[in-house]
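Chains as they are written, first to last, in this note's numbering: chain A, 34 to 377; chain B, 34 to 377; chain C, 34 to 377; chain D, 34 to 377.
It is worth saying that the hints were derived from the structure and are not from the lab. Some clues are possibly wrong.
Given that identical chains are not distinguished, each listed pair holds provided it fits within a single copy or across any two copies.
[Claimed, not checked] Think about it this way: if two alpha-carbon atoms lie no more than 30 Å apart in a straight line, the pair counts; the simulated DSBU-like pairs of lysine-lysine are:
1) K198 <-> K372
2) K310 <-> K338
3) K372 <-> K228
4) K338 <-> K62
5) K62 <-> K313
6) K313 <-> K186
7) K372 <-> K62
8) K186 <-> K372
9) K256 <-> K198
10) K198 <-> K186
11) K228 <-> K257
12) K257 <-> K198
13) K313 <-> K338
Number of protein chains: 4
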Amino acid sequence: MIRFECDYAEGAHPRILERLAETNREQTKGYGEDEYCGNARRLVRGLCGNEAVDVHFLVGGTQTNSTVIASVLRPHQGVIAATTGHINVHETGAVEATGHKVLALQAEDGKLTAAQVERTFSEHWSDANHEHIVQPGMVYISNPTEGGTVYTKRELQALSDTCRKNGLPLFMDGARLGYGLAAEGNDLTMPDITKMCDVFYIGGTKVGALFGEAVVITNENLKKDFRYFIKQRGGMLAKGRLLGLQFETLFDGGLYFEISRHAVQMAMMIRDAFTAKGFKFLCESPTNQQFPILTREQIRILSLKYAFELWTNINDHQAAVRFCTSWATREEDVRTLTKDIYSL
Amino acid sequence: MIRFECDYAEGAHPRILERLAETNREQTKGYGEDEYCGNARRLVRGLCGNEAVDVHFLVGGTQTNSTVIASVLRPHQGVIAATTGHINVHETGAVEATGHKVLALQAEDGKLTAAQVERTFSEHWSDANHEHIVQPGMVYISNPTEGGTVYTKRELQALSDTCRKNGLPLFMDGARLGYGLAAEGNDLTMPDITKMCDVFYIGGTKVGALFGEAVVITNENLKKDFRYFIKQRGGMLAKGRLLGLQFETLFDGGLYFEISRHAVQMAMMIRDAFTAKGFKFLCESPTNQQFPILTREQIRILSLKYAFELWTNINDHQAAVRFCTSWATREEDVRTLTKDIYSL
Amino acid sequence: MIRFECDYAEGAHPRILERLAETNREQTKGYGEDEYCGNARRLVRGLCGNEAVDVHFLVGGTQTNSTVIASVLRPHQGVIAATTGHINVHETGAVEATGHKVLALQAEDGKLTAAQVERTFSEHWSDANHEHIVQPGMVYISNPTEGGTVYTKRELQALSDTCRKNGLPLFMDGARLGYGLAAEGNDLTMPDITKMCDVFYIGGTKVGALFGEAVVITNENLKKDFRYFIKQRGGMLAKGRLLGLQFETLFDGGLYFEISRHAVQMAMMIRDAFTAKGFKFLCESPTNQQFPILTREQIRILSLKYAFELWTNINDHQAAVRFCTSWATREEDVRTLTKDIYSL
Amino acid sequence: MIRFECDYAEGAHPRILERLAETNREQTKGYGEDEYCGNARRLVRGLCGNEAVDVHFLVGGTQTNSTVIASVLRPHQGVIAATTGHINVHETGAVEATGHKVLALQAEDGKLTAAQVERTFSEHWSDANHEHIVQPGMVYISNPTEGGTVYTKRELQALSDTCRKNGLPLFMDGARLGYGLAAEGNDLTMPDITKMCDVFYIGGTKVGALFGEAVVITNENLKKDFRYFIKQRGGMLAKGRLLGLQFETLFDGGLYFEISRHAVQMAMMIRDAFTAKGFKFLCESPTNQQFPILTREQIRILSLKYAFELWTNINDHQAAVRFCTSWATREEDVRTLTKDIYSL
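Isolated chain A (complex conformation):
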């Protein structure tokens, strides 16, 4: 069985394991106040092109999303998100568990637009009984989105402008940020994201680390007391250096971007094979997740040899499936797959 079902099926990039072994006996301070975390923070600031940002390391994505959102909103506020947004569908109500409603908007390709946010905001404030309604308090987007699409610089700038005009902090979930930055046609850079978002995170779990997400806070108002939130919500790792070490390894010398590019190249080979055979896709993804639409019979045939995820039913005889690549995807496995796609 060759597995393309997710981007967290293996351990970590080998260089991370080497570094863990080399430093294992060292004694460091706990809770993220060690030198590895310090160094990783400096590297992140360098990538962001901004020495003033705050950088924190958390363990996983759901934890990061709920921690950031709980730190930003007041109790009567909700977070605007796409209906397909991870916080709205796949986090067991972690945001609601902190007391906040997800204000879900239908979004083409998983992307929110500036116009949607503007409309939601102005509808709220023009309602005579607005105190009876959850107040929009921030905006959550994912880049890449759950459907693998990416925001253009222009789209993100427009969203950012709308958010700032209306006092809504903009939060980007970057669980797969590396793949977005490595996408064909992507024109966003880390400094762009740093300038346009109030807070975002650079995902490690799905991009080569054992686990870990690096939160970057750019908005001065959102920095205060963030470490309390990490601790309260269970994200403050006692041996915090494990997070520092991993991000240091990923960011030192550009490993993070290198493995992201590899994964995207592998995904493009898969995409091209499906496209060449005339298959349609659920959405046009230039990143490491591909969602071709197959017949039940084609799914059955491929399933004999490959693991991939059934994503959503299209109709009685067709469904969209998901093929994922990662740092660990072997080109030979992709070649075997593409050959089989051509034979479908």
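With chain A fixed as given, assemble chains B, C and D onto it according to the hints.
For chains B, C and D alone, coordinates are given in the frame of chain A:
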């Protein structure tokens, strides 16, 4: 200005004020443990045709909804409701503030169907990663709904059957229950509702009381420790007898049903006038709220003399508006209005 | 049976019932935006000697406490209170239900001191791992306290200074504020309290109203969006005018202070009788609650004729009990009681 | 600088890193449903002597405590704990953030007694207004406690009996459980703990793992839907096999117990040196944490060469400090320390 904008614009039915005055100097125990509450409980049990139900008196609707829901769900569960449901749109996220997601379903005329609930439930449990998704834990309906429609006995029975089969407590928000029971064509009785729902409430605020909602818990499993929830969520009135007295007055001799019938008759006169003139309605309401669709110009004209609520925009030149009646609506005012409708 | 067990055993001052009856048929806007609320707000601002304060009307004390506290604190912060504070012992964890720890300090006579607050604050910030500890975020006091004692002007000024120096909003629970202002030896005025506290409330439930608490927010930073909190936490009465009318009646012409003085005079008669007979008290209360220490036998004898509350056990044969007076306490009943005290 | 300041200063036992490297390229299912987790679960069940227990792996201690407690309590309930309990002082209010009060009891040496729990429980239920008070809903203990003490079999049995009689689930925080089981004089076994507790966890973070806590649920009623709670509260690691692998390594062949014994032996050498020199201790700890009371001058001298934690001030010139050992503590470092203790 003649006011039809809501059903809580006046004080209370005069008999209630008389009773408050008569009993004012009496000394009673606090927190709902007085004799008036005891007597009101007996009356409610009689109406329900069930001596075993628990009856509690709370102050208002939002409070009652969030208190009941918080008492039923475990933290990982959400409440299924119509997208138009009061808890989903007009309670400032009170349910989310207790940690729970509202699982909102599109609903024709504001009514959930058994099939919808069944589908939502089975989709959850058939998802391989269901632990990543909020678990449906109960069902919330309103009767009448926010659009003034009512459930038929058959519809409610089907919903109840589905809920019981799947272990989902069924909760009916009866903020305007009196008007539903008095509706033309209604075939539900209090004993029916008692049998079909696990918990429901009989609204007082909008049906003749100064304030107050009478919660009836029929499901044995939901009865335990409910008074703690009332206290914790701020609903335990120190002078609880005020609630007991009001419901005693409303239920003793059938005053509650009498004033509900009056309100519905007044609403039907308004409906008939609009219908006779060929107006369409947002939905077919047989209860005390009517939602005719008018042009901007017609709205402007009626607004000179009447207060009513702009409900929702239909298009650039039309909107649905809401006319409400209550125990306090005067027939002469309705006659004046209907005359003006005919002149539109 | 003559009842002294609490200050909410009767209905409301008769003038309130009269006003309710007179205005019953009037149609007003809901949710506290009517003219009675507007007028009551003006009266409160006058009493406070400050036209800029925000005034809101809520239904009950537990609701008010948890609503105010939830509006002030961020999620990682707690509220400093006396161990005997109402929020710490008698609100079923309403504050914790909003996510916040009560940081309870032992307090002589129920009163917090500036020094205690200072110490708690500085201990927190001097701890190297302070992010692992709940951050003190505000201070809650009651005046009168649960033991009937009152803060002097000097004590409150010191507390206020400490709180402001450390950025801790000071919140006064004034459920029985009238009795505190009417106490012998009290040197605090409404304008003093307005200046020294960031937010406080003037209790109606225990001082002559059917129900209701008037929240006064003096700190500009705490005013924003408070009405959302009232709604979310179930405190926004549909027929908000009931609250406005009651406070208008109480504050117009000084009725609130007049009935408070009456209650305190009655309490002093009781206190003097116990003192004259050589009884000790749990604490020296100059307000409407008295806590004499009696033997079991004395308690048994008085219980035959009077209702009062068993407060706390002192030892095997003695207990402190509570006698309460209110606007409704009759002098003749107090005279009967004092005679019986002398005969003990 | 030789470090004794905590038991999480190093990475993990080398065998764990070896296993991570060996299995790194393997593809497994995520979220704890892989074979390593399966195997680790079997090993835990074997240790517990009970094949029916549920076993879950979470990342850290604070997360585990708040997740377990949130899964057990209903909203109006609180958790009984010692005032020194970790959940009461060092978790930034994580329990309160889930809505629950910590009912803190003064406890000698950090241990709760059956009598205390009984008293707290019966006091609650004998209060006429118990609905106004947080209901005791479960009991939290740590073994070893924060002071390094351990429960005897008899003490734990008594606690367990009291808890079961009163329907209070008993939860043991075993962040350092290995050290407790390896303590001199300990007479508790894993099967004992399994029988006496309703839920407990076996700590990995502080006993040789990179991170990880193994939760064991023995009470059938507490098993339902626990994975939802793990996910919602951010504890469900995408690459769950990292947890499985670590616990498999620790429990296969008894490594966990071996390294715990080593740490305790090292601690006993430190204890014996202080004792021989006549030093007193904050409490008598037979486990890996020692709390000798030193003068400021002695602390200053030792600080030049050793890192250890200032625990609590005793008086102006004395303080209790903490020396910790772990799997990684070298005997030669301890010998150097003991020599310096003798020279104090």
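Verification of the supplied hints:
In this assembly of identical chains, the alpha carbons of K198 and K372 never lie at most 30 Å apart, being 51 Å within a copy and 49 Å across copies at closest. With identical chains, the CA atoms of K310 and K338 are at most 30 Å apart within one copy only, with a shortest distance of 19 Å there and 68 Å across copies. Within a single copy, K372 and K228 get their C-alpha atoms no closer than 43 Å, and across copies no closer than 57 Å, so neither meets the 30 Å cut-off. When the C-alpha separation of K338 and K62 is checked against a cutoff of 30 Å, the pair qualifies only between copies, where the shortest distance is 16 Å, while the shortest distance within a copy is 47 Å.
Taking the shortest Cα distances, K62 and K313 sit within 30 Å of each other only across copies (28 Å), while inside one copy they are farther apart (53 Å). In this assembly of identical chains, K313 and K186 lie within 30 Å of each other by CA distance solely inside one copy; the values are 26 Å within and 47 Å between copies. In this homomeric assembly, K372 and K62 come within 30 Å of each other (Cα to Cα) only across copies, at 26 Å, whereas the closest approach inside a single copy is 52 Å. Proximity of K186 to K372 under the C-alpha cut-off of 30 Å is found in neither arrangement, the shortest distances being 36 Å within a copy and 60 Å between copies.
Proximity of K256 and K198 under a CA criterion of 30 Å is satisfied in both settings, with 20 Å inside one chain copy and 22 Å between copies. Taking the shortest alpha-carbon separations for K198 and K186, only the intra-copy value of 18 Å comes in at or below 30 Å, while the best inter-copy value is 45 Å. Taking the shortest Cα distances, K228 and K257 sit within 30 Å of each other both inside one copy (19 Å) and across copies (28 Å). Taking identical chains as interchangeable, the C-alpha atoms of K257 and K198 lie at most 30 Å apart whether they share a chain (22 Å) or sit on different chains (19 Å).
Taking the shortest Cα distances, K313 and K338 sit within 30 Å of each other inside one copy (22 Å), while across copies they are farther apart (59 Å).
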